[in-house]
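There are 2 protein chains.
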Amino acid sequence: MHLNSPPQRAPVTYVPVSMQKQLAANRRAIAGKPYERFFLPEIEVPAEGARLLRAGPMPREQTLTPSIADLGRLIDHAPDFPDHGYALLDGPTAYAQSRVVMPDVTTGMFEWWFTWHPIEKERYMLWFPQAHVDNSVVDPARLADTSLSYAERLYDNPNAIDEFIGPSSLKIVIHFAPPASLGLDEDALRRAGLTTSASGTIRVADAPDTTFMVMLHLARDTRAGMELFSRYWIGAHPEFVRFPGGRDAPALLSRLGMDTDGIERLAYEMAVHDMTEFAQLGRILPDVFATFGPT
Amino acid sequence: MHLNSPPQRAPVTYVPVSMQKQLAANRRAIAGKPYERFFLPEIEVPAEGARLLRAGPMPREQTLTPSIADLGRLIDHAPDFPDHGYALLDGPTAYAQSRVVMPDVTTGMFEWWFTWHPIEKERYMLWFPQAHVDNSVVDPARLADTSLSYAERLYDNPNAIDEFIGPSSLKIVIHFAPPASLGLDEDALRRAGLTTSASGTIRVADAPDTTFMVMLHLARDTRAGMELFSRYWIGAHPEFVRFPGGRDAPALLSRLGMDTDGIERLAYEMAVHDMTEFAQLGRILPDVFATFGPT
Numbered sequence: 001m002h003l004n005s006p007p008q009r010a011p012v013t014y015v016p017v018s019m020q021k022q023l024a025a026n027r028r029a030i031a032g033k034p035y036e037r038f039f040l041p042e043i044e045v046p047a048e049g050a051r052l053l054r055a056g057p058m059p060r061e062q063t064l065t066p067s068i069a070d071l072g073r074l075i076d077h078a079p080d081f082p083d084h085g086y087a088l089l090d091g092p093t094a095y096a097q098s099r100v101v102m103p104d105v106t107t108g109m110f111e112w113w114f115t116w117h118p119i120e121k122e123r124y125m126l127w128f129p130q131a132h133v134d135n136s137v138v139d140p141a142r143l144a145d146t147s148l149s150y151a152e153r154l155y156d157n158p159n160a161i162d163e164f165i166g167p168s169s170l171k172i173v174i175h176f177a178p179p180a181s182l183g184l185d186e187d188a189l190r191r192a193g194l195t196t197s198a199s200g201t202i203r204v205a206d207a208p209d210t211t212f213m214v215m216l217h218l219a220r221d222t223r224a225g226m227e228l229f230s231r232y233w234i235g236a237h238p239e240f241v242r243f244p245g246g247r248d249a250p251a252l253l254s255r256l257g258m259d260t261d262g263i264e265r266l267a268y269e270m271a272v273h274d275m276t277e278f279a280q281l282g283r284i285l286p287d288v289f290a291t292f293g294p295t
Numbered sequence: 001m002h003l004n005s006p007p008q009r010a011p012v013t014y015v016p017v018s019m020q021k022q023l024a025a026n027r028r029a030i031a032g033k034p035y036e037r038f039f040l041p042e043i044e045v046p047a048e049g050a051r052l053l054r055a056g057p058m059p060r061e062q063t064l065t066p067s068i069a070d071l072g073r074l075i076d077h078a079p080d081f082p083d084h085g086y087a088l089l090d091g092p093t094a095y096a097q098s099r100v101v102m103p104d105v106t107t108g109m110f111e112w113w114f115t116w117h118p119i120e121k122e123r124y125m126l127w128f129p130q131a132h133v134d135n136s137v138v139d140p141a142r143l144a145d146t147s148l149s150y151a152e153r154l155y156d157n158p159n160a161i162d163e164f165i166g167p168s169s170l171k172i173v174i175h176f177a178p179p180a181s182l183g184l185d186e187d188a189l190r191r192a193g194l195t196t197s198a199s200g201t202i203r204v205a206d207a208p209d210t211t212f213m214v215m216l217h218l219a220r221d222t223r224a225g226m227e228l229f230s231r232y233w234i235g236a237h238p239e240f241v242r243f244p245g246g247r248d249a250p251a252l253l254s255r256l257g258m259d260t261d262g263i264e265r266l267a268y269e270m271a272v273h274d275m276t277e278f279a280q281l282g283r284i285l286p287d288v289f290a291t292f293g294p295t
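Which chain is which? The protein sequence lines are Y and G, in order. Quick note on numbering: the first sequence equals residues 1 to 295 in my numbering. Quick note on numbering: the second sequence equals residues 1 to 295 in my numbering.
Don't take every hint at face value.
Some but not every residue of chain G turned toward chain Y, in silico, with C-beta under 8 Å [what the hints assert, rightly or not]:
1) Y14
2) A24
3) A25
4) R51
5) L256
6) G262
7) E264
8) Y268
Estimated spans, in silico, between C-beta atoms of each pair [said to hold, decoys possible]:
9) G:E36 to Y:P294: 55 to 63 Å
10) Y:R37 to G:Q62: 27 to 35 Å
11) G:D259 to Y:P294: 45 to 53 Å
12) G:R28 to Y:L148: 56 to 64 Å
13) G:D259 to Y:R27: 22 to 30 Å
14) G:F292 to Y:R37: 50 to 58 Å
15) Y:A144 to G:L40: 47 to 55 Å
16) G:A24 to Y:D156: 44 to 52 Å
Below are the EDC-like pairs computed for lysine to aspartate or glutamate, each with C-alpha atoms no more than 20 Å apart in a straight line [unchecked claim]:
17) G:K21 to Y:D259
18) G:K121 to G:D261
19) Y:K21 to G:D287
20) G:K33 to G:D287
21) Y:K21 to G:D261
Keep in mind that the hints were calculated from the coordinates and are not lab data. Every value quoted in this text rests on a predicted model; they were computed, and no experiment measured them. A virtual CB, placed ideally from N, CA and C, is assigned to each residue, including glycine.
Next comes chain Y alone, as it looks inside the complex:
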């Protein structure tokens, strides 16, 4: 599973009609921007990853919860899980995971990306031309302030997102947070070389005090390129009580009318979305960074 050669890519064979229409709108929005040439709608995904996902949900014993113990297992055994997977967990909770190696990408570029792209929504569209609609942070001046550290720019600077996860668009707010605040052991991360994190809790835009999603992006530099491990839990996992407002997640799910089948579909859609956007980011980031990154 973990060959050093990059995985075989396949053109995406299905895009929901709503996302096809978003692509046309995004194409108009990005016209004339200095980075327009990096807007590449010919999206591709790892062929083997797509096969893994369409073969059905993961066996339950391979999945992780957002418990502190399971976050520890993730850090210590990150490469041992399937490269792509989805499952329905307790709560109900949609679970999605991935491992991606990005040749010619470094964790430095990846951190830069998270401080650069939310400044203009059209930059965000580069990342997934069919699915990304809007993006902003509460304090863009601080996000753009290169005299500050990555942590100082990103944390406590809520990031409002509008994006398609499958056929429906979702308005959410990402609260990027220090790894330790999420229950990730800093020493264990260091031992594993996972020097970069873009992780946090997520709220829906109209319920800003309720954690209904926990997202991890943990990355390290390897000889083959940057290796990124991602995890998503969306819904009302019992472990959400550890996070701000997580106790209210079950009531929120009810109010949103999300049932178990819908949550399982969301898990698959989230996994497909993640696989697609990180394939795309790996493809464009070296050139985008070379053109717009710090000189």
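Guided by the hints, dock chain G onto chain Y, whose structure is given.
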């Protein structure tokens, strides 16, 4: 667009969760059947066809209606239309089209397929392992009677189908019919070499007297293999008044709660379904025919 070399195939990168579950059920159903080895869930589609479809609906001027004049245009200019496409037409009506060349397949094999597969629902599953659920005809003995002609076996022998078109399954009844009865000019078909038809009107199972879909499969033998031209109109096209109960199609659409957006999504899903099932049929038919066809 019309090279003689077979198009490049790509693994299908997205399968709805409902169809992933159907695959597991179909795998159990087919276990032990003599044709089980032709049940191949690693579905592929022509890469360029998938790109065409995900780029959005066709320009209206390239689409055809089910009018007699447009059926004539189809026969006379069949290869001049894009190989895969979908659109929203008046009615509203979902429109989908394709052109597929199947190396090593003949129109004789194709006709045989339509008399062989509806005898057992598991045979139908070979054609699209994730999407095909059930299949039967009113008079299976007549369909199987090799002393009769293709027309005598297929026509006036309604074919009840249960299949996924996108995430939802659809119970329909196909009434295969002689081309002339649909408004296709027999002389024009002969001139174009389109010697084989598996075309007809389609009703939903619980409204058996209302045409809500017209389907054309017109085929000819070429040096590269069988060339198949398909068209689907689903909904309430004004031209449906030519077909049995077609006048009631608008009321049926209302009752089914299908709005314009839903019909446009159905057009794309139908086009993706058609592209997938005919890629799969082309892949298995030569071997299935060699094993189970007339000796």
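K21 (chain G) paired with D259 (chain Y) [C-alpha distance capped at 20 Å]: 17 Å, holds
- request: Would you mind confirming whether the straight-line C-alpha gap from K33 (chain G) to D287 (chain G) stays at or under 20 Å?
  value: 16 Å, holds
- prompt: Would you say the C-beta atoms of D259 (chain G) and R27 (chain Y) sit inside 22 to 30 Å of each other?
  reply: For D259 (chain G) and R27 (chain Y) the Cβ distance comes to about 26 Å; the hint holds.
- request: Report holds or violated for the interface hint on R51 (chain G), using the least CB-CB distance to chain Y and a cut-off of 8 Å.
  value: 6 Å, holds
Interface hint status, E264 (chain G) versus chain Y (Cβ within 8 Å): 6 Å, holds
field: Interface hint for Y268 (chain G), Cβ within 8 Å of any Cβ on chain Y
entry: 5 Å, holds
- prompt: Is K21 (chain Y) within 20 Å of D287 (chain G), Cα to Cα?
  reply: 41 Å, violated
query: Does K121 (chain G) pair with D261 (chain G) here, judged by a C-alpha cut-off of 20 Å?
result: 32 Å, violated
query: Straight-line Cα separation of K21 (chain Y) and D261 (chain G) no greater than 20 Å?
result: 12 Å, holds
task: Using 8 Å as the Cβ threshold, decide whether Y14 (chain G) counts as touching chain Y.
output: Nearest chain Y Cβ about 4 Å off; hint holds.
field: A24 (chain G) as an interface hint toward chain Y, with CB separation required under 8 Å
entry: 7 Å, holds
- request: Determine whether the Cβ-Cβ distance between A144 (chain Y) and L40 (chain G) falls within the hinted range of 47 to 55 Å.
  value: 52 Å Cβ-Cβ, so the 47 to 55 Å window holds.
The structure fails hints 3, 5, 6, 18, 19 (numbered hints given earlier, in ascending order).
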